[in-house]
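Enquirer: Now for the letters of each chain:
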Amino acid sequence: MAMKLVRALALASLGLAIGVPVSAQNKEPVTIGAIEILTGPNNKYGLAIKNGFDLALAEVNESGGVLGGRPLVIAYEDSAGSKEQAINAARQLIGAKKVPLLLGPTLSNEMFAAGPVANQRKIPIVGTSTTANGITAIGPYVFRTSLPEADVVPVTLRTAKEKFGISKVAVMYGNDDAFTKSAYDVMKAALDKLGIEILATETFGSKDTDFSPQLTKIKSLNPDAIVVSALVEAGSGILLGKKALGFPASVRVIGGNGLNAPKVAEIAGEAADGTLVGSPWFIDKADPANQKFVAAYKAKYGTNPDQFAAQAFDTLHIVAKAIDAAGETDPEKIRDALGGQRYQGVMGPFAFTPDRDPADTSGVVVLEMRNGGFQILK
Amino acid sequence: MTMLDDFFWTYQGVIYALGINGLLGLSIYVVLSIGQLSLGQAAFMGIGAYTSALLTLKLALPFGLVLLAAMLVPALFALVVGGPTLRLSGVYLALATIGLGEVLRIFFLNAPLTGGALGLSGIPERGGFALIFGSLALALAGLVAIGRSSIGRAMDAMREDELAASTIGVDLPVYKLAALTVSAMLAGLAGALNAHVSSFIGPNDYGFDAAVTILSFALLGGIASPFGPVLGAALLTILPEALRPLHDFRLVVNGLVIVVAVLFMPRGLLAWRMPRIGARID
Amino acid sequence: MLAQQLVNGIISGAIYALFALGFTLMFGVLRVINLTYGLYFSAGALIALLAVQRLSWPLYAAIPAAILASGTLALFLDHMLLAPLRRARAPELASLMVTLGATLVLYSLLASPLALGTEIRRFPPGVIGGAAIEFLSVRISLTQILILATTLAAVLALTGLMQNTRLGLAVRAIAENAAVAQLMGIDQARHLHFVSFLSGALAATAGILIGLNFNAIQPYMGETMMLKGFAVIILGGLGNIRGALIAGLFLGVLETLTAGYIASSLKDATGFVLLVLTLWWRPTGLFGRATEGRA
Chain X
713 MAMKLVRALA LASLGLAIGV PVSAQNKEPV TIGAIEILTG PNNKYGLAIK
763 NGFDLALAEV NESGGVLGGR PLVIAYEDSA GSKEQAINAA RQLIGAKKVP
813 LLLGPTLSNE MFAAGPVANQ RKIPIVGTST TANGITAIGP YVFRTSLPEA
863 DVVPVTLRTA KEKFGISKVA VMYGNDDAFT KSAYDVMKAA LDKLGIEILA
913 TETFGSKDTD FSPQLTKIKS LNPDAIVVSA LVEAGSGILL GKKALGFPAS
963 VRVIGGNGLN APKVAEIAGE AADGTLVGSP WFIDKADPAN QKFVAAYKAK
1013 YGTNPDQFAA QAFDTLHIVA KAIDAAGETD PEKIRDALGG QRYQGVMGPF
1063 AFTPDRDPAD TSGVVVLEMR NGGFQILK
Chain R
62 MTMLDDFFWT YQGVIYALGI NGLLGLSIYV VLSIGQLSLG QAAFMGIGAY
112 TSALLTLKLA LPFGLVLLAA MLVPALFALV VGGPTLRLSG VYLALATIGL
162 GEVLRIFFLN APLTGGALGL SGIPERGGFA LIFGSLALAL AGLVAIGRSS
212 IGRAMDAMRE DELAASTIGV DLPVYKLAAL TVSAMLAGLA GALNAHVSSF
262 IGPNDYGFDA AVTILSFALL GGIASPFGPV LGAALLTILP EALRPLHDFR
312 LVVNGLVIVV AVLFMPRGLL AWRMPRIGAR ID
Chain U
11 MLAQQLVNGI ISGAIYALFA LGFTLMFGVL RVINLTYGLY FSAGALIALL
61 AVQRLSWPLY AAIPAAILAS GTLALFLDHM LLAPLRRARA PELASLMVTL
111 GATLVLYSLL ASPLALGTEI RRFPPGVIGG AAIEFLSVRI SLTQILILAT
161 TLAAVLALTG LMQNTRLGLA VRAIAENAAV AQLMGIDQAR HLHFVSFLSG
211 ALAATAGILI GLNFNAIQPY MGETMMLKGF AVIILGGLGN IRGALIAGLF
261 LGVLETLTAG YIASSLKDAT GFVLLVLTLW WRPTGLFGRA TEGRA
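Line order of the protein sequences matches chains X, R and U.
Sequential numbering from 713 applies to the first sequence in our numbering.
Sequential numbering from 62 applies to the second sequence in our numbering.
Sequential numbering from 11 applies to the third sequence in our numbering.
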């Protein structure tokens, strides 16, 4: 029975392989692959990214597609947050659908698993939301357009120190998630460099709901602020717990990228006021490109975009331009063209460093949560 | 690349998983076949995976030695915790092994050596189709041979009625500890093989969810013979991939399949028992 | 700080105890590892939330509705999935398996975009006030007092039910020896359904209170509680109500003190270490009766 299944699968992929055009026909679509978390916990990130891709895709195809009139198509595969499935999805897209480029995956963990697969087959893979350390070190075909924490967090902390005279803090981080742990490493290094004293370092699990033991201990140490590396769930729980224990309002929470989501205010309400976050993008950025994007997103999806959608939006435009610059759907040429791309998008000016990370960090702003929304810190 | 090479590369993940999950199915079969509901396979797999990955990454040992270590270290662990744990039975044993597994997972999460939440990445690709399926075939052959022998008869006796078995001279503690150790070795081997084709391992891969999944291999396939859990593993490995086109409904259908299978076949899909060498009493 | 930490621990423990009450009943009486228990916990919170958000019901109506709905769900699942297996005298493991499958199906249904998605939700602000009492150096909020009160009330009610009513007597008889109880004329099916309903209702109550206190409601919230739940019911003894209360409080306080005074990274390990040690040295728990070793 297993052999029958194997044979059926073989025939199916044979059919797919023959179906893909060998030489560039005039109006044949160009298909690229995308691996995102579309189901299961964390799918809110994947869906926001997909929305950003699709919005940009519509724009690209309306203005003539790529390579002289060929429509661009994205083949999505769901990783459901599992790294095995991310690997299988990468193999499917590269081996069966023969895509010349991959977008995603959503989480850094998944990129560590799927990135080497794409790299081994010399297919460029572009992460739009992976911010842990060491992503682009996986190999020369791994790119990322998301600003790593290492570029954002020091800005936030330095601003907090200068503006509020913060000299001693407590740190909390989720120790069971690669992203929050990696962001913590960055925070610790930045705090040390700025000469800010770390009074205590407490950990928690990403699924925890009760932070009172850690917060009670922190409260007794009287820090100027609490630096938190967490995703939305735990982060808002910490904010609520902090309020419930009666911390003075002057003790702010300074967060990493995980807290950079409007959902935090939705869950924590008033308790979120005063939270500081560094962000490479901000919904109220005044420039016309951004405002156009926000309006288009709202019109199409009925909700406000977040930074995941914004980063995905810019990335797809960059990728489309790279395909045009390459002149054909050859992965090697696309990769070379990608490295040299310059783009002015909703995130601001964009270029890759020689190590395939974002080069421009001038767009980073420090935001403060006030009355349910982020505003630029004044 | 030829068409077949391409096909193999595309589905490599699933193909290897069939073999590795088969090994895990055998690992839990060993303990279930003597009536012990020990759920430590995921933890042993983790020990094997981390041991092998660390040896390859830090000491660059040859793969053969690495595999050996990946089987011996979990076996050692099994010998140490086996004593007090195997005095328990039924649901208590299950919970104890789950508890131990979680303690281990938290250790992996916090020890600097194991990389914490970031796990170990950049594990070079070692082993492959021949090694994975060769090991599975060997293990299967070994367990079939044991099952048909007098040891197999003793195991059956233990599963049916422990008290009666001990009165006819089956040395319970020895069998239980031996089974746990063999189970640990198989799981450790599976962990090492898996680590070296996944390039990246993390602590959350070896917790409660993994333990329950491994249990489901055996329960779906049936534990009347070693082939049952291997079949169960194969089906449960292929199912999520085959259901890919269903997108959102994948997990729902996956669960439904399990529910329906159990309701209509509570003894598993493969209820066939192996004939034993020697006298038949029925 | 110690006083506040003790309070933290007691509240946390009360939540564990409340969760464990239904769990220990299900385990102790039905004798099955029912993985769907965590689902009733999540379902209770989600149903109450939906009633408040979408139907605009007031809280005092939404809560009982959610509790009843969850209990009914538990009863329904028991009837559909576990009762047939009991009738067929299927091996113990089959029940485990079928609840596993049901868990997969139901969690993904709950979490699918059709139903609720995996978004975290909260009760609308102001639905329950943030008022708190402060005395000495300790701060307790209204919701936390509510949790404590509900747990104690549940324990008293349940103990009363089990010790002083015929229903309770029948249930205890079934737990002691199902075959003999059947011979004595006790209708197993009906009583087991009742226990399922009660367990589901208790789980839902715990879920709603936690939803109110921590404001983080998502479909998978029952999963993580289950593992801690195992530790509590083993420590307290399977089927032992008083044991569940004491063990729950004990675990809550121990965890909090470990996190506050030793290392927060060890907080989760506390429960599991306790579980393993209990099983190694006194498997029937602090209050369980030794029922093993009948020849």
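If you're looking for bench data, these hints aren't it; they were derived computationally from the structure.
Heads up, some of the hints might be wrong.
What the hints assert, rightly or not - Restricting the straight-line Cα-Cα distance to at most 20 Å, the calculated cross-link-like pairs of lysine to any residue (SDA-like) are:
id : chain 1 : residue 1 : chain 2 : residue 2
1  : X       : K929      : U       : Y230
2  : X       : K809      : R       : T175
3  : X       : K955      : U       : L264
4  : X       : K834      : R       : Q73
5  : X       : K929      : U       : L12
6  : X       : K975      : U       : I155
7  : X       : K1090     : X       : S1074
8  : X       : K955      : U       : A71
9  : X       : K810      : R       : L174
10 : X       : K900      : R       : D270
11 : X       : K955      : U       : M11
12 : X       : K955      : U       : Y230
13 : X       : K919      : R       : D270
14 : X       : K929      : U       : F145
15 : X       : K955      : U       : L152
16 : X       : K810      : R       : N265
17 : X       : K929      : U       : L60
18 : X       : K810      : R       : T175
19 : X       : K919      : U       : S147
20 : X       : K929      : U       : R149
21 : X       : K809      : R       : F69
22 : X       : K893      : R       : N265
23 : X       : K809      : R       : L174
24 : X       : K893      : R       : T175
25 : X       : K919      : R       : N265
26 : X       : K900      : U       : A273
27 : X       : K739      : X       : S1074
28 : X       : K756      : U       : V263
29 : X       : K929      : U       : L78
30 : X       : K880      : U       : I150
31 : X       : K809      : R       : L65
32 : X       : K893      : U       : R149
33 : X       : K893      : U       : S275
34 : X       : K893      : R       : L174
35 : X       : K997      : X       : V1077
As the list claims (entries may be wrong) - Chain U is nowhere near these chain R residues, computed Cβ spacing over 10 Å in every case:
id : residue
36 : A155
37 : P234
38 : R305
Just so it is clear, CB atoms sit at the ideal spot from N, CA and C, and this is done for glycine as well.
Enquirer: Evaluate each hint against the coordinates.
Expert: Hints, one by one, checked against the model:
{"no.": "1", "hint": "K929/X to Y230/U", "in the structure": "violated (29 Å)"}
{"no.": "2", "hint": "K809/X to T175/R", "in the structure": "violated (36 Å)"}
{"no.": "3", "hint": "K955/X to L264/U", "in the structure": "violated (24 Å)"}
{"no.": "4", "hint": "K834/X to Q73/R", "in the structure": "holds (17 Å)"}
{"no.": "5", "hint": "K929/X to L12/U", "in the structure": "holds (9 Å)"}
{"no.": "6", "hint": "K975/X to I155/U", "in the structure": "violated (28 Å)"}
{"no.": "7", "hint": "K1090/X to S1074/X", "in the structure": "holds (17 Å)"}
{"no.": "8", "hint": "K955/X to A71/U", "in the structure": "violated (28 Å)"}
{"no.": "9", "hint": "K810/X to L174/R", "in the structure": "violated (39 Å)"}
{"no.": "10", "hint": "K900/X to D270/R", "in the structure": "violated (32 Å)"}
{"no.": "11", "hint": "K955/X to M11/U", "in the structure": "holds (17 Å)"}
{"no.": "12", "hint": "K955/X to Y230/U", "in the structure": "violated (25 Å)"}
{"no.": "13", "hint": "K919/X to D270/R", "in the structure": "holds (15 Å)"}
{"no.": "14", "hint": "K929/X to F145/U", "in the structure": "holds (18 Å)"}
{"no.": "15", "hint": "K955/X to L152/U", "in the structure": "holds (14 Å)"}
{"no.": "16", "hint": "K810/X to N265/R", "in the structure": "violated (32 Å)"}
{"no.": "17", "hint": "K929/X to L60/U", "in the structure": "violated (36 Å)"}
{"no.": "18", "hint": "K810/X to T175/R", "in the structure": "violated (36 Å)"}
{"no.": "19", "hint": "K919/X to S147/U", "in the structure": "violated (29 Å)"}
{"no.": "20", "hint": "K929/X to R149/U", "in the structure": "holds (14 Å)"}
{"no.": "21", "hint": "K809/X to F69/R", "in the structure": "holds (14 Å)"}
{"no.": "22", "hint": "K893/X to N265/R", "in the structure": "holds (14 Å)"}
{"no.": "23", "hint": "K809/X to L174/R", "in the structure": "violated (40 Å)"}
{"no.": "24", "hint": "K893/X to T175/R", "in the structure": "holds (14 Å)"}
{"no.": "25", "hint": "K919/X to N265/R", "in the structure": "holds (13 Å)"}
{"no.": "26", "hint": "K900/X to A273/U", "in the structure": "holds (18 Å)"}
{"no.": "27", "hint": "K739/X to S1074/X", "in the structure": "violated (40 Å)"}
{"no.": "28", "hint": "K756/X to V263/U", "in the structure": "violated (35 Å)"}
{"no.": "29", "hint": "K929/X to L78/U", "in the structure": "violated (39 Å)"}
{"no.": "30", "hint": "K880/X to I150/U", "in the structure": "violated (28 Å)"}
{"no.": "31", "hint": "K809/X to L65/R", "in the structure": "holds (15 Å)"}
{"no.": "32", "hint": "K893/X to R149/U", "in the structure": "violated (31 Å)"}
{"no.": "33", "hint": "K893/X to S275/U", "in the structure": "holds (13 Å)"}
{"no.": "34", "hint": "K893/X to L174/R", "in the structure": "holds (15 Å)"}
{"no.": "35", "hint": "K997/X to V1077/X", "in the structure": "holds (10 Å)"}
{"no.": "36", "hint": "A155", "in the structure": "violated (7 Å)"}
{"no.": "37", "hint": "P234", "in the structure": "holds (15 Å)"}
{"no.": "38", "hint": "R305", "in the structure": "holds (15 Å)"}
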